[in-house]
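Colleague: Letter by letter, the chains look like this.
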Amino acid sequence: MYSFSKNLKIFSLSLMVVGAVALGIGFLSAPTTVEEAKAMVADAHGHGGHGGHGDHDTHDDDHNVAHKDEAHHSDHHDTHADDHHDNNDEAYAHSDRHDAHAGGHGESHDKHLLHQLQNRPWAATYVAALFFMMIALGVLAFYAIQRAAQAGWSILLFRVMEGITAYLLPGSIIVFVLLVLSGLHLNHLFVWMDAEVVAHDEIIQNKQSYLNVPFFLVRALFYIVGWNLYRFYSRRFSLAQDNDNGIGYHKKNFRLAAGFLVFYIVTESLMSWDWIMSVDPHWFSTLFGWYVFASMIVTAVTVIALVTIYLKSKGLLEEVNDSHIHDLGKFMFGFSVFWTYLWFSQFMLIWYSNIPEEVTYFITRIEDYNLLFFGMVVMNFVLPLLILMNSDYKRNNWFIVMAGIIIVLGHYLDFYNMIMPATVGDQWSFGLSELGSASLFAGLFLYVVFSALAKAPLKPKGDPLVKESKHFVY
Amino acid sequence: MSSKVIHAIYDDDDVLLHAVKEVKAANHHIEEVFTPFPVHGLDKAMGLAPTRIAIASFMFGCLGLSIAIWLTNYIMIEDWPQNIGGKPSFSYLENVPAFVPVLFEMTIFFAAHLMVITFYLRSQLWPFKKAENPMPSTTDDKFLMEVAVGDNEKKLFSLLKKTGAIELKVHEKKGE
Numbered sequence: 001m002y003s004f005s006k007n008l009k010i011f012s013l014s015l016m017v018v019g020a021v022a023l024g025i026g027f028l029s030a031p032t033t034v035e036e037a038k039a040m041v042a043d044a045h046g047h048g049g050h051g052g053h054g055d056h057d058t059h060d061d062d063h064n065v066a067h068k069d070e071a072h073h074s075d076h077h078d079t080h081a082d083d084h085h086d087n088n089d090e091a092y093a094h095s096d097r098h099d100a101h102a103g104g105h106g107e108s109h110d111k112h113l114l115h116q117l118q119n120r121p122w123a124a125t126y127v128a129a130l131f132f133m134m135i136a137l138g139v140l141a142f143y144a145i146q147r148a149a150q151a152g153w154s155i156l157l158f159r160v161m162e163g164i165t166a167y168l169l170p171g172s173i174i175v176f177v178l179l180v181l182s183g184l185h186l187n188h189l190f191v192w193m194d195a196e197v198v199a200h201d202e203i204i205q206n207k208q209s210y211l212n213v214p215f216f217l218v219r220a221l222f223y224i225v226g227w228n229l230y231r232f233y234s235r236r237f238s239l240a241q242d243n244d245n246g247i248g249y250h251k252k253n254f255r256l257a258a259g260f261l262v263f264y265i266v267t268e269s270l271m272s273w274d275w276i277m278s279v280d281p282h283w284f285s286t287l288f289g290w291y292v293f294a295s296m297i298v299t300a301v302t303v304i305a306l307v308t309i310y311l312k313s314k315g316l317l318e319e320v321n322d323s324h325i326h327d328l329g330k331f332m333f334g335f336s337v338f339w340t341y342l343w344f345s346q347f348m349l350i351w352y353s354n355i356p357e358e359v360t361y362f363i364t365r366i367e368d369y370n371l372l373f374f375g376m377v378v379m380n381f382v383l384p385l386l387i388l389m390n391s392d393y394k395r396n397n398w399f400i401v402m403a404g405i406i407i408v409l410g411h412y413l414d415f416y417n418m419i420m421p422a423t424v425g426d427q428w429s430f431g432l433s434e435l436g437s438a439s440l441f442a443g444l445f446l447y448v449v450f451s452a453l454a455k456a457p458l459k460p461k462g463d464p465l466v467k468e469s470k471h472f473v474y
Numbered sequence: 475m476s477s478k479v480i481h482a483i484y485d486d487d488d489v490l491l492h493a494v495k496e497v498k499a500a501n502h503h504i505e506e507v508f509t510p511f512p513v514h515g516l517d518k519a520m521g522l523a524p525t526r527i528a529i530a531s532f533m534f535g536c537l538g539l540s541i542a543i544w545l546t547n548y549i550m551i552e553d554w555p556q557n558i559g560g561k562p563s564f565s566y567l568e569n570v571p572a573f574v575p576v577l578f579e580m581t582i583f584f585a586a587h588l589m590v591i592t593f594y595l596r597s598q599l600w601p602f603k604k605a606e607n608p609m610p611s612t613t614d615d616k617f618l619m620e621v622a623v624g625d626n627e628k629k630l631f632s633l634l635k636k637t638g639a640i641e642l643k644v645h646e647k648k649g650e
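Residue numbers (our numbering), protein chains in the order written: chain A, 1 to 474; chain B, 475 to 650.
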């Protein structure tokens with residue numbers, strides 16, 4: 001039985017406190033007026049702090065989606081609707097037009113800048129909240145797959161997975177609260193929630209029957225309740241099976257998992273459109289649900305491996321052998337490649353067809369987020385591929401931990417890249433807000449996960465397949 | 475030179491795996507095991523050296539990737555540049571996303587085919603080669619362990635009997 005060690009408790013609490021303070025400063029230092037916003041940017045430029053971003057005065061508005069200026073917006077959308085279907089070079093024409101206009105809308109641009117800077121702490125919080133919630137959700141999906149497949153090898157890891165999914169409840173509640181706050185217009189993360197913008201934007205108007213605040217929140221509630229119900233009952237049956245002589249609870253868990261997986265794959269897709277894709281309401285990608293799933297599941301498996309290795313280093317989980325670690329390593333490797341496959345499929349089709357409202361998504365990322373956007377591919381594909389390719393390295397805790405840290409950081413950047421370009425544009429950096437929110441949620445995650453791990457024996461001794469898992473050798 | 479071997483026949487892969495471990499533990503030399511399908515863990519139990527086909531496969535993959543890079547560059551950039559969908563092929567780097575599927579497929583193609591060919595060569599298999607297995611039913615439902623007979627034939631016999639062999643045959647192997 002694991003007991004939540006005092007050091008780890010202090011560590012996670014201090015992460016939370018430091019994170020909360022930093023995030024608080026981030027919120028307080030966000031500008032409230034246009035003048036402040038301009039001063040901040042001028043300052044940053046003076047110090048050369050925005051090295052990688054290029055000059056934002058000239059290429060201000062490639063990401064027309066996040067734009068909140070009305071006059072300017074309607075202007076472009078009228079032309080947009082007329083000619084974009086038959087014009088191959090629209091993307092170029094589009095940016096030309098912006099350059100031509102650049103002088104004329106200086107004032108609206110400043111207002112836009114203010115919104116971006118005000119968004120930054122919110123967006124940073126949202127990225128971190130979403131990222132850690134997704135880890136728990138991914139682990140829940142992985143756990144359900146093991147249950148539904150009646151896998152034999154992974155039984156000894158079930159309690160680790162159940163411990164991690166304990167974060168799903170607080171994590172999803174926090175995300176929901178953030179979505180409600182967006183719905184109350186306390187921030188500008190979702191442009192389509194802004195009635196002013198929608199009034200001048202025909203594309204969003206046509207999506208109104210789906211993208212409207214009440215339906216959006218009802219959907220969010222539906223996903224969250226569904227996931228948490230599965231988590232609650234599967235954990236309960238799993239604990240009940242420990243002191244049960246039959247296999248009744250095991251069978252119940254099997255059926256529950258199969259049902260959940262159907263629910264999950266639908267709601268996961270919808271969730272990814274709602275919570276992530278809709279920050280760019282003009283843009284769409286048909287494989288986005290899978291893409292988010294890939295990111296989620298690879299992080300989840302990695303976190304399972306990291307927690308398992310940590311617990312083993314404390315002398316617990318003594319029956320988990322290096323074959324279990326090897327299998328987790330194979331999943332990390334495989335899902336990393338899977339993620340890359342989806343990342344590239346999404347990128348290549350949009351890059352090749354070069355349709356303006358699709359391609360702006362990648363233009364923003366390549367122009368303003370170049371290092372992050374491609375650095376993330378190195379971290380999520382090239383490094384795991386090379387580190388984990390060798391069979392022996394997958395059995396070596398040191399290599400798994402090293403690759404695991406790279407994968408977790410890389411997929412944090414992935415979520416950063418999904419949210420930030422639409423919400424803060426080129427005003428991104430890693431400052432107090434970003435590091436603070438990451439630290440706050442990491443601390444909360446550790447605290448919740450390890451206190452849940454301490455609540456039940458780490459070996460599910462009543463599971464009918466536990467012996468198979470114990471003897472698992474590859 | 476000829477050598478004397480015992481053919482011990484089994485009808486279950488688990489029994490065979492245990493038998494291999496016991497025979498190894500008793501310090502007898504297992505020359506070969508014939509099975510109708512790959513038995514998990516048999517290579518480790520027999521003490522065979524780990525395969526190096528993975529390393530070969532990695533190198534074949536790198537070879538395929540390099541050839542594909544050369545091929546796409548020569549065809550699409552050097553020899554006959556075209557303007558496809560508003561993307562003129564004058565720079566390899568700017569067009570590389572379009573070539574990635576080709577690079578990927580060629581990597582897989584080279585790794586897979588050359589790996590199989592390497593395996594055949596290394597195992598000395600070629601078309602029309604006469605089968606080496608001493609008993610055709612090892613391709614159906616029987617497992618055969620070929621153990622070299624040392625100085626004490628009787629003892630080996632009883633050991634093999636004990637491990638659950640359903641049939642034991644002494645066999646004179648013709649020397650090569």
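A couple of the hints might just be wrong.
[To be verified] With a cut-off of at most 27 Å between alpha-carbon atoms, the simulated BS3-like pairs for lysine-lysine come out as follows:
1. A:K6 / A:K314
2. A:K470 / B:K603
3. A:K470 / B:K518
[Said to hold, decoys possible] A few chain A residues that don't get close to chain B, going by computed Cβ distances all over 12 Å:
4. M1
5. T33
6. L239
7. D242
8. L261
9. V262
10. D274
11. K312
12. M348
13. L349
14. M389
15. D392
16. F399
17. A452
18. V473
[As the list claims (entries may be wrong)] Every beta carbon over 10 Å from chain B, so not counted as near; a handful from chain A, in silico:
19. A30
20. K330
21. N370
22. S391
23. E468
24. Y474
It should be emphasised that the hints constitute simulated quantities derived from the structure, not laboratory data. Ideal Cβ positions, reconstructed from N, Cα and C, are used throughout, including at glycine.
Colleague: Regarding the assertion that A:D242 does not contact chain B, is the least Cβ-Cβ distance greater than 12 Å?
Modeller: 30 Å, holds
Colleague: Taking C-beta pairs only, is A:V262 more than 12 Å away from all of chain B?
Modeller: Answer for A:V262: holds, closest chain B Cβ roughly 32 Å.
Colleague: Over 12 Å from every CB of chain B: does A:T33 meet that, or does the non-interface label fail?
Modeller: 43 Å, holds
Colleague: Evaluate the condition: distance from the CB of A:Y474 to the nearest CB of chain B exceeds 10 Å.
Modeller: It is violated; A:Y474 is separated from chain B by about 8 Å at its closest Cβ, not greater than 10 Å.
Colleague: Once the closest CB in chain B is found, is it more than 10 Å from A:K330?
Modeller: The claim stands: A:K330 keeps its Cβ more than 10 Å from every Cβ of chain B (closest is about 13 Å).
Colleague: Say whether it holds or is violated: A:M348 keeps its Cβ farther than 12 Å from all Cβ of chain B.
Modeller: 5 Å, violated
Colleague: Should the label of A:V473 as a non-interface residue stand, given a Cβ cut-off of 12 Å to chain B?
Modeller: The claim is violated: A:V473 sits with its nearest Cβ about 7 Å from chain B, within 12 Å.
Colleague: Quick check for students: does the CB of A:E468 sit more than 10 Å from each CB in chain B?
Modeller: 14 Å, holds
Colleague: Would the least Cβ to Cβ distance between A:D392 and chain B come out above 12 Å?
Modeller: 9 Å, violated
Colleague: Does A:F399 clear chain B by more than 12 Å, comparing its Cβ with all Cβ atoms of that chain?
Modeller: 16 Å, holds
Colleague: Find the nearest Cβ of chain B to the Cβ of A:L261 and say whether that gap is larger than 12 Å.
Modeller: 28 Å, holds
Colleague: Over 12 Å from every CB of chain B: does A:D274 meet that, or does the non-interface label fail?
Modeller: 29 Å, holds
Hint violations for this structure: numbers 2, 12, 13, 14, 15, 18, 22 and 24, all remaining hints satisfied.
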